[in-house]
Amino acid sequence: MTDYACQRTPESRALVPPLPVAVFFALAAAMASLLWGAGPVGPLEAWQVLTGSGGDEARFVVMELRLPRMATAMATGLALAVAGALLQALTRNPLAEPGLLGVSGGSAFAVTLAILLGASSATMTTLVAQAGALAGCSLVMLATRSRGLAADPVRLVLAGATVTGLLLSLTSVMMLADQRAADEIRFWITGSIAGTSLADLVAVLPSMALAGVLVVIVASPLAALSLGERAAMGLGHRPGRIRALVVVSVALLVGGATALAGPLVFAGLVVPFIARALAGPDIRKTLRLCLPIGPGMILVADTLARVIGAPAELPLGVITAMLGAPVLLIIVRSGRIPTL
Amino acid sequence: MSELLIQHRNIAANLVLAATLSLAMAMALALGTVSVPLDGLWDALLGQGNAMHRFVVQELRLPRVLAGALTGAAFALAGCLMQTVARNRLATPGIIGIDNAATAFAVASVVGTGISLAPSAMALGGAATATALAFGLAGANGTRGYRFIIAGLGIGAIAGATTQVMLSRVAIDAANAAFPWTVGSLNARSATAVSVLAVGLVTGWIAALLLGPSLNTLQFSDPVAINLGTQLKRVRTLSLACAVLLTGLAVAVAGPVGMIALLAPELARALSRPGRVPLTASALAGAGFMVTADLAGRLLLAPLELPVGLITAIVGAPYLIWILVKPSSRSLT
Amino acid sequence: MQTSLIHRVRQGLAAGLAMLAISQNALAETRTIETLYGDVIVEGQPERVVTLYEGALDSAIAVGVQPVGAIITRGGQHVAGYIREAAGDIAIVGAPGETNLEAVLALQPDLILATRQTSRDQYELLSQMAPTIVLDVPMFRQDTWKQELAGFARALGREGQANDVIARVGQRAKEVRKKVTGSIPEQQRDTALVRWMPQGPLVMSENLFSATVLASAGFEVEDGDIVKEGRPHSQPLSQENLSLMDQEWIFLATINDDGREALDAARQSPAFKRLKAHSDDRVVPVDGHLWTSASGPLAALAILDDIENALSQQP
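Chains as they are written, first to last, in the working numbering: chain A, 1299 to 1638; chain B, 28 to 360; chain C, 17 to 331.
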């Protein structure tokens, strides 16, 4: 199979350096998420709060509601973008996305099960979500070993979609078994970071940091692996170990993000797609660009979720799905995926 | 001689599946909260004997069993067609968003967004819309498999998200009322939708049988199929249209019952003669599977009923995982 | 407390019933009930009644009829807690929206009281088992439960008792109202009825059954116009907009057995801590099955009991 990313030589790179632009985008999105919301506190008042004045109500909304939410959105976006880029590099499939491949689904399923069994602490949820993501991710990797799937990106995605659909049905089974928990799950499963507290974020951060270390370790070997298994071995890397490390990182990241925000589809598809378009084929450069673009995208999506639905809010997962589905179509129409 | 044996194997497979289906239907007619003895069952079917048994069998169970058999057959036949066209055993109508869109439309009508059409009519509209969009977005190469599938995936994701918004934003009572539409249930099916499905299934089945010889050649690569005289584009378009019609009509009756489109053709392929697309066998297997699953849903937690879609999901889960991780897994041949 | 009150009502009814029984039977020979699906004729005194709607179960028991079958309350495993004891040894025939028709038939009903959401297909089947009443009463109005009670009681041949029960509920509301107006100054009677979700509160409509009962007890229920016209139940609200539900009182419906648990969860939230009702200790956790799902006279009495209880726990 040809490396899909090799064929794209980004011309934009010569004109504007992508990394500063991406960082600027992320900062602007972060600022927007503080200034705009579902409530009566508008940009002007919020700005006053940020510059040290402003009313008590506005201060509360900006500092206690929007600020933690901004932090959560950034962590979620970062995790999903990096996880998506890693999975795509590992499977050499531009459609490999945690949401589409059933990794988020596995994570969400595990959390649903935990809620049903009465778990409520944030640490517990994180661990369970990561265990579920690991199971989902391992299933994907096992699936790629079977002949038909490894050679064909669309087949892998189909397998993932089938697993995701199945997990959703099983979640319904559990919701039927205990409708009290169902009510809690019903809101969580659509994906949302409304009402997450800093405590939730703190519970997730250690494992995300661990994943960060793993990603730093594995980035160069993974880049070597993209040249082919032989080349990687020639450079002294062990493909099996690289794969295992990537799978664990992806599970930690996706599990953490799911624990925070519920299962979000397409966030891990859109961001690496853009990053790759800007940075070219090197996974290390792609990852570096994902760091600002991922948080930026979730921040934009979350701000939209608040503004569009006011006085209520739309679930974040809906916005990412709406933003992501067109990108999916663009990737498909770009024609770089082998036919079935 | 061996040709004859293989021919016989196909007939035998269909006979075995038909016998299993009949047995499942007989059990579904006999078992339930009100139990009808087997000899009473025959009387009841003929309109004689105990009045209560007659009512239970004729008015309550028979329509439900027929609806189950029809939807199961439709889902399975649609799955078999789509798998063959896409040359992929995982390409089922449910995956590419047809179910999701049908559900979204049906839920919209149930939770009262001011749309007054019946949920089953809405479901059909949703299926048609999703397919039209997938075709449109997939562009000129629409029927050539992968683009269509991925476009469908995207549309399915959007439809699924929309359903979830609706469910999370309405009162829990309305969400409850819409629940069967999200998992698939035969409890409150519309009689009109069932009769429309019956007509559609017969039409679809005949069309599928007519396409059968061409579909058989699709199991080879495109050039070989063309050499064998198959008009690829026409066969693909017709088969997909057929699959969509069947799925839409079936979802309109029972909601998005998962896994049947995946499992039934799988079973049919295992039983039937290799090298031929087991259309009739798939339909029979799907009908039997659906009737059995619905019976299980009625009996397991009686007097409460489990929606049939949950049963098929629970049964399907281990099998799907097995397909995925089996190292020797072959793609559809 | 609440069950004992229902008990008292029922005892009173039973006594009155014995006297009325003869004349009632004479009057109740044949009745024509106007329903959503046309006129339905009910004869005599139905003895095996199946209720496929929580409000119907409540109404039937309130007029002294013991149904033989009912559906579970949504989210529960049995009929709602407040009516469990009064319902006695009742058979379960399904869940809301998922009726087990065979279980209904097995009970050999002579009258079926169903929800307004019953489809025509279902109705046709049910009406072959027994006369089936699907009242054409608009939902989520001030007097929906009274109209439903009247309709169901007429079908049951117990219109007299229905009027008694309505009067009794009115009387009880008056009592509680007196206590409310006696102990709470007028400007402090604004109330919101909500469910607390981690993502933000669900604000219940001021037209919800329990909200109308709250109003009858002297509270001013406000949904801040969040719940739109034609969306009768509830609406989720962003945490940023809590001021829209920042009333003097908050009745917090929970779906857990123990309302305290939900209250504790809500108290964790910084946004919740800013609410007036929270700082004044006027957040009252209440049973969600009763307060957001049930309707009918017995539910009204139980809700009034809850209100009275909440008052007595105020410092």
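Derived from the structure by calculation, the hints contain no laboratory data. Please note that the accuracy of each hint is not assured.
To be verified - Estimated spans, in silico, between C-beta atoms of each pair:
1. Ser222(B) x Gly104(C): 52 to 60 Å
2. Lys289(C) x Ala1326(A): 39 to 47 Å
3. His35(B) x Gly1532(A): 52 to 60 Å
Claimed, not checked - Quick look at which bits of chain A chain C covers, simulated, 3 or more residues with Cβ under 8 Å:
4. 1461-1469
5. 1530-1540
6. 1608-1617
Just so it is clear, CB atoms sit at the ideal spot from N, CA and C, and this is done for glycine as well.
A quick look at each hint next to the structure:
Checked against the hint of 52 to 60 Å, the C-beta distance between Ser222(B) and Gly104(C) comes to roughly 43 Å, which is inconsistent with it. Distance hint for Lys289(C) and Ala1326(A): a CB-CB separation of about 32 Å, inconsistent with the stated range 39 to 47 Å. For the pair His35(B) and Gly1532(A), the beta carbons lie near 56 Å from each other, so the given range of 52 to 60 Å is met. Given a C-beta distance limit of less than 8 Å, the hint that chain C covers the segment 1461-1469 of chain A is violated, as 0 residues qualify and 3 are needed.
Note: the segment 1530-1540 of chain A has 0 residues with beta-carbon separation from chain C under 8 Å; the three-residue rule is not met and the coverage is violated. Under a criterion of three residues with beta carbons nearer than 8 Å to beta carbons of chain C, the stated coverage of the segment 1608-1617 of chain A is upheld, 4 such residues being counted.
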